[in-house]
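Protein sequence lines correspond, in order, to chains A and B.
Here UniProt numbering is used: the first residue of the first sequence is 1, the next is one more, and so on.
Here UniProt numbering is used: the first residue of the second sequence is 1, the next is one more, and so on.
Everything labelled a hint here was simulated from the structure, so no lab data went into it.
Honestly, I wouldn't trust all of these hints.
No copy labels: a pair is met if it fits in one copy or bridges any two.
Here are the simulated PhoX-like pairs of lysine-lysine, each with C-alpha atoms no more than 20 Å apart in a straight line [stated by the list, open to error]:
| hint | residue 1 | residue 2 |
| --- | --- | --- |
| 1 | Lys216 | Lys82 |
| 2 | Lys175 | Lys372 |
| 3 | Lys172 | Lys361 |
| 4 | Lys172 | Lys372 |
| 5 | Lys395 | Lys57 |
| 6 | Lys361 | Lys175 |
| 7 | Lys172 | Lys371 |
| 8 | Lys71 | Lys158 |
In case you want the letters, here they are:
Number of protein chains: 2
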Amino acid sequence: MASLFLKTPGPSQSLPKTHKTHFVLPQNLPLSWRSKYRAGPAAARIRCGLIEPDGGKLVELIVEEPQRDLKRRQALSLPQIKLSKIDIQWVHVLSEGWASPLKGFMRESEFLQTLHFNSLRLGDGSVVNMSVPIVLAIDDSNKNNIGDSSSVALVDDKDNPIAILNDIEIYKHNKEERTARTWGTTAPGLPYAEQAITHAGNWLIGGDLEVIEPIKYHDGLDRFRLSPAELRDEFTRRNADAVFAFQLRNPVHNGHALLMTDTRRRLLEMGYKNPVLLLHPLGGYTKADDVPLEWRMKQHEMVLEDGVLDPETTVVSIFPSPMHYAGPTEVQWHAKARINAGANFYIVGRDPAGMGHPLEKRDLYDADHGKKVLSMAPGLERLNILPFKVAAYDKTQNGMAFFDPSRPQDFLFISGTKMRALAKNKENPPDGFMCPGGWKVLVDYYDSLTPSENGRVPEPVPV
Amino acid sequence: MASLFLKTPGPSQSLPKTHKTHFVLPQNLPLSWRSKYRAGPAAARIRCGLIEPDGGKLVELIVEEPQRDLKRRQALSLPQIKLSKIDIQWVHVLSEGWASPLKGFMRESEFLQTLHFNSLRLGDGSVVNMSVPIVLAIDDSNKNNIGDSSSVALVDDKDNPIAILNDIEIYKHNKEERTARTWGTTAPGLPYAEQAITHAGNWLIGGDLEVIEPIKYHDGLDRFRLSPAELRDEFTRRNADAVFAFQLRNPVHNGHALLMTDTRRRLLEMGYKNPVLLLHPLGGYTKADDVPLEWRMKQHEMVLEDGVLDPETTVVSIFPSPMHYAGPTEVQWHAKARINAGANFYIVGRDPAGMGHPLEKRDLYDADHGKKVLSMAPGLERLNILPFKVAAYDKTQNGMAFFDPSRPQDFLFISGTKMRALAKNKENPPDGFMCPGGWKVLVDYYDSLTPSENGRVPEPVPV
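Model the full assembly from the supplied sequences, consistent with the hints where possible.
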């Protein structure tokens, strides 16, 4: 009955079947319960604990079950646009309201506001943050094919209809300007740009989405892809009075764990009774040298099994967005999306969503700009920004600890590059850097990359 | 007595001495009058007619006469930074409050907000527009020289102190990111970037300005450089109940005049009793192939002499800002600065602040984006945007008229390029395109460019 809101309950292909309960299981609350829950006085009390979604109402764009066949038939009669994997990830993001109040791919006015102001002004004059263009590119032949139609069907690579885009608007895709204003550079070699912009069509098409059914990937991880509505229900069920989100796209080491535990301690000190951690690995497109999602999820599970984080106060779920690597611009999107999932605290790292400059020997962004821009961003005033405290390996304690500038000689900084190099070479990091089970997953991952004939480990394919 | 607020009353070197009264003359109101004027009940009534400056109070950073010698002496004891011509133009802009509420060159938080949000959030939570970075670049040796000093002296090319910058903050000048986010391209050949960024230092220095005396150029045009405060006084004196600003950096033709006259007519229809036009040519840095300021001012005067615009309801003054040619980003600055001068209506043209792409055969910006971005820009909600109606030469009327799409064959579009080509070749445009006196100025200007030995007219030097 309520199955339209359930995550695929099939067995995991990549995780052990005895997965831990702190990995959130799909909720089986029937729809009628939810409505009652939300309408009653208890709901009012509980809702006070969760931050409101942007625009006041969580956008949900998935067609209800009784209409799906009708929409599938309608899609067959419309001009078709084939979606890439990244396009489908954005349909997923939009369909569940991560980008609320966006109701579909951006029209030009939303695109321009995003590029110039990193925010959208709503009809009532209020402002919501929106820093990353969520757009769909089409080419000349698509455009000709659409002609005067006001709606188009969006289909996957096997021509299965995924969604209908209504009241469409087609406008120019100035790739150079989009890239310059989003990344602050137009240097060739930006992973997302190479993947999704450089070879994309010269037009963008915006409109209102009707997504025919929930987006699934059938990779054994769908049940961990909770929507903002499902996360809000989970936080409500746990009586969370604060939710702090931790975005990550890398393996978790004990420094991260220390930070998350310390954050909860600080929130308790602030007077919150039950702060809940949303440990929220990014699940969409990542660049080739990042560790793929399935291996990261295995690694996260081992770390959690190790008991470093408390299952009672930790929700692990997958954030379906693709990764831009657009630093201070993108970190706003990462934060804003988590507001829509109910988080009112956001932990921001050093150089969030940063990477090396594609051409020059330096980081693309100033390591402090992400934190600074986030703290000043329009539409994020309601979100509490928690700057990442720097953790490093403390040789006097044989474990990760917050860096103490009075005794720098005691600390060892292990960068992501260093960590990957160790795992590739099957070497061990110092004891206490990461739990042994988590480390083994990393070593296994690099082991799984069959060396090519010249003996070099090939670049892994992005998920 | 009130001389500190007077414009240089010296004779014009480049304009006929019998300049028309619709060229605004400096006001001789003593300071004490102004205060009384502003404090009394009449002032309250009159101020209702003029839009408030951004931040509620017009910033004025010029040191009062009694302190000037003291400040000059203080400047001698401080580390010195040499200003370029463009830097001095920005000091001018800042000193008179065109960029209110900015009190000096941007610190990093203002710079980042400008790049990412085109706006600044003030202490009270309100938002003002600020789209173009107003920054001062220094190099490594400047930075070393400053050491731990919290103030620096800004000096001209003859080491005369211009200003003191206090409570300084020095931060990285990421030229690529600044350019990408301001222009939406990093293509080499952007005039402002080549002039003021590419070869500038790798650091920016922000702080609070104390400008030792009003900035003067001694080019015979200083008396037309009215400050926002002086313009506000002038509009008040004329009992303006609406002020509509027209930014220009090109010769005025009869299509412009038609638009300005028509705008006044529309404002009268809206119920305003005395709408006043601020005809506001840009006076700072322009690219080499633009017509220099002194020739434009001569041309404007001839056009006004011709009686196309009513002197009673027209104020001609020079806007001291340098030109970025940054399209939709810069048009916001052009509009915002005019709010500070009292304008509550802004006429936006087709492709404002636009230019050709430096490398590709296309316009750098979509011609409609300026208008669209301006209408959505944060902090400009109080400003009424008046889109430029397209005027062209109507062959059936032998004059400029608003384009009528029902009879396109009757209209001739004369582009700026075409206009310049005609003037260079001493050919005449069709009768009624521009008054003969104005046209003669243009022809004289191109005539004044001595052909070089190979017979080609050299590129003029920017003012």
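To see whether the hints hold, each was checked on the structure:
Taking CA atoms no more than 20 Å apart as the test, Lys216 paired with Lys82 passes inside one copy only; the shortest distance there is 17 Å, against 62 Å between copies. Only between protomers do Lys175 and Lys372 lie at most 20 Å apart by alpha-carbon distance; the minimum there is 19 Å, versus 27 Å within a single protomer. For a Cα distance limit of 20 Å, the shortest separation of Lys172 from Lys361 across copies, 16 Å, qualifies, whereas the shortest one inside one copy, 34 Å, does not. In this assembly of identical chains, the alpha carbons of Lys172 and Lys372 lie at most 20 Å apart only when taken from different copies (14 Å versus 32 Å within one copy).
Taking the shortest alpha-carbon separations for Lys395 and Lys57, neither the intra-copy value of 49 Å nor the inter-copy value of 56 Å comes in at or below 20 Å. Proximity of Lys361 and Lys175 under a CA criterion of 20 Å is satisfied inter-copy only: 15 Å between copies versus 25 Å inside one chain copy. When the C-alpha separation of Lys172 and Lys371 is checked against a cutoff of 20 Å, the pair qualifies only between copies, where the shortest distance is 16 Å, while the shortest distance within a copy is 33 Å. Taking the shortest alpha-carbon separations for Lys71 and Lys158, only the intra-copy value of 17 Å comes in at or below 20 Å, while the best inter-copy value is 75 Å.
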